[in-house]
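Chain by chain, the residues run as shown.
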Amino acid sequence: MTHVSQTLSSSAPLAPLTLPARRPRLALPALLLLAFVAVPLVGNDYWLGAILVPFLILSLAGLGLNLLTGYAGQTSLGSGGFMAVGAFATFGFVVHGGLPLPVAVFLAGLVTAGAGLLFGLPSDRIKGFYLMVSSLAAQFFFEWLFQKFPWFYNYGSSGTIALPRFEIFGLNAGSALGRYYVTLAVVAVLTWIAANLVRSQTGRSFMAIRDMDTAAAVIGIPVYRTKVLAFAVSSFYLGIAGALWAFVYLGSASVQSFGISRSFQVLFIIIIGGMGSISGNFIGAAFISLLPLAIDYTAQYFFAGHVDAGLLQNTQKAIFGVLIIWFLIKEPDGLARLFRNLGERLSNWPLRF
Amino acid sequence: MNLFLETLIGGLLAGTMYSLVAIGFVLIYKASGVFNFAQGSILLFAALTFVTLLEQGLPFAAALAVTILILILGAILIERTVLRPLANRSPMTLFMATLGLSYVVEGAAQGLMGAQVHALDLGIEDVPIFIGDVLISQFDLVAAATAVALALVLALLFNNTRIGISLRAVADDTRAALSIGINLNRIWQIVWAVAGIVGLVAGMLWGARQGIQFSLSLVVLKALPVLIIGGFTSIGGAIVGGLIVGAAENLAETYVGPYIGGGITPWFPYFLAIAFLYIRPAGLFGERTLERV
Amino acid sequence: MKRLVLTALLAAGVAATALAPPSAHADGKEQYVPLPTYRVGPYASSGTLWWAGTLDYFRYINEVEGGINGVKLKIEEFETEWSPDRTVEVYERVKNGKDGAPVAFFFTHGTPASYALIEKGAADKIPLIDPAGGRTESTDGTVFPYAFPLLFNYFSQASVGINYIAQKEGGFDKLKGKKIVTVYHDSAYGRETQAAVNLLAKKYGFENFQIPVADPGNEQSPQWRQVREIKPDWVFLRTWGVSTPVAIKTAQRFGIPADRIIGDVWAGSEADVIPAGTAAKGYQALAPYPGGPNFEIHDRLRKAILDTGKSDLKDKKFFGAVYYNIGLINAVLAVEALRAGQAKFGNRPLNGEEGRWGFEHLTIDDARLKEIGFQGLLQPIKLTPADHEGGGAARIQQWDGEKWVLVTDWIQADRDTLRPLIEAKAAAYAKEHSITPRSPTAEN
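Residue numbers (my numbering), protein chains in the order written: chain A, 1 to 353; chain B, 1001 to 1293; chain C, 2001 to 2444.
The reader is advised that the hints may include incorrect statements.
[Unchecked claim] Chain C side only, calculated, beta carbon under 7 Å to chain B, not exhaustive: (1) D2186; (2) K2202; (3) G2205; (4) N2208; (5) P2222; (6) I2256; (7) P2257; (8) G2277.
Just so you know, these hints were derived from the structure itself, not from any lab.
Here a beta-carbon is modelled for each residue, glycine too, at the ideal position from N, C-alpha and C.
Work out the full structure: start from the sequences and follow the hints.
See below:
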């Protein structure tokens, strides 16, 4: 048993090495049209600003981690820490460097990529769960760093970073709709890049290393360099996600927003959604951010006032845990697979044979 | 010099408190390859159950017995509902399942037994003892003795009982163990129950020190570096890892901390662990695996 | 078919979220009071008692007094696990009121959440209430019209701590050369007093040591070994959660007597000392919210709420616990502010802007304290548009091994000394955010 478990690569193939031949050609434009036009028309401020914006940002964070874990097979629990790097670096570039926000966010992504590269260096020797636990070093180190040295939060009194006003090239994008569009645009572009990346030679090297790094080395893939590259790319995405979370969604942030529970949340997203899948990140993020709300609404609707509130809230937490286990049991390859199967079934419907 | 000695000894002793938590991880990983993140919640649940029973007026021994019974039932339940359906899945999936499990256990613990903080008095005086000028905590001495005793008991259990031998067989080669008729599910149930009891011991000692409350579940974050320094599969490694982490973290906070602002204990052990792992990628006592193509 | 069941379940979940909760028609006589709470997670031990106090007092107002001048309070709870991110989501969900009942204020229930919401509150005109917490410089209401670090901000906490030490030493001149160590939770909350203590150290000439304890703080030997090396005269303990009992126990182990340790507001409840056992005997703490079940309001609540089974408390032994009283006091501050607002705008539910006016004109003097049954439990308080704190005093309570005993009357913070520090920080914020401060006298 232990022999199997030393490596994290699953025996079941997580993603096809070749892409499915038949792709619905209209799905993507339809989805974009829906996201850019239809959703803003029907959504209100609460839905846009408090549900969809964090959902999109979490999808992006999931995408970042998925590149590292789902594609390159290196598990990390440092996602929260890297998101913090993105947020604090953005703040630093704006406040100390006087740069406009979009430039600052991009540079912050690069800084985070550098940080990820550093923490990826031990990955040539440390593997599996050992690597995963080691990645907590990044998580706790960055939490400590950003609240210990006041320079990072510009000597504010409480270690909180906030930017004056949310502006993009002089336009005020502070409304829920503005924030939604900004997030959507960033996420759409980065997703497009990621989708192409995983189909490129680099992406295939990632997957070869995931499936078996010794074998990958044998066929001539520079394993160590590729692993470190995966850390850097993944961290770039996480850094951007962190910056968006701080300045587009919350408006301000402290390290508390990027604690270890955030790392777990991002990991949940990719596992529930589907490792080695691009759309899985979005499905997983929807699941993780909507399910607790759905449970909450349902519970409040039926039980509020009748059952002890403490018991009710704790039961909701337990139900969330049960559902996660249940989905893991029922859908080993994540919800993305479930949706794909469903799609295939629908495309054949009603003539299944 | 005294300060150094005191810090070193205090750190070594404090480290065994981490070992206690790490042993629970090792047991489960060894037998089933599951990295059980719920160990912290189980520790909380066990200690909270025990102290709640105690406060209901049960005598110490009875409360202990009932708690152990509940832990055994819990282990059977977990094996049936989580482990068995997930058998042969990737270690990552199992790890995530234990994260889900930790939500369930924490929700159950707080929902059923309330969120209040409980005091637990084990009757251990915590006044300083002086050996020469060096201050030593009596409580830490007891904790260290408990950890060592626990490790010895587990070693005896593994080496001299039928269950222990089957367990080692499973750890060595699951398939071979199955083929000679070892009941894998039963072994898992036993191991999870034993890990729960180890969690109870750790929870009682930690609880006596800090009160029995939710943050008991957070002591796992202290045990993880211990675990990877010692290796996932070695109980002795957990003890040695605990000593190393305890001593190093205390020395670092005392001698390095003041120069970089202090409060470095959350991350320092992890960096130490990375340094150790870089030299020995499966921990000090972990099993190295051969990689074949 | 299993797949279809799964999908259906997922869809149902999403749909349940999308559907608005049922809208019972309100008659326009209700004030909506959303409460972000934490009954789950590491901070639930303080939370559950806190919400019990708040809910019990609101129930008392609704059921015994028939609401505030006939306006009933419509309470709704939202679980946040003390996460600022989830509090932000709750805020967005509730800021427009519910079924026509408007929101007049929003309890943030946590300093990080106060920070996260400060600009949203100002933009949406919803007052953010965070008694004995919040962003210290938001005491300056000319820059922060919608933030209220009510009652006892962090600077005042530091100041009362020092004043009490001076009192024990026999005068401020005796502070010179004394060693005062602050052991603090290494977080925004923990560091918030540093500027104030630095200033006071300069003023009085005591030696100031700051020693951080990293979260969660369940192992503190290195810190207390350092404290022992310093040989301090006094220790100011600014921990929170599990780090407090561990600190008290570890202090004992290193031979630092509990009666030389003064805990801050958030290190001074039963949950902080009970786990420490006998080590906590003699430990003192700042108490803007004194513990004890025998104030006048407790008698009223006992009769109307506790004994009639309407209390939110699961276990009656916590009636009058420090956190329960925190809940009571925060609730009464909100109720009195609504009264002040109604006095100007009429006896109807208030919106956020009117709620702000109410808080800014909140005055509770001794006579009023007697009337509402809070004498001795709550200090007299008077807010103005420029001063969003309004109190700045605390009593000191000491743990006798069984219960908290109040050992002093209200000790006032040296607010005049600290005000320039607050104004400087507020001015810096105003500059950074291009805010033109309001005139403090313009609104009446």
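Enumerated hints in conflict with the structure, sorted upward
As far as the earlier hints go, 2, 3, 4, 6 and 7 are violated by this structure, in ascending order.
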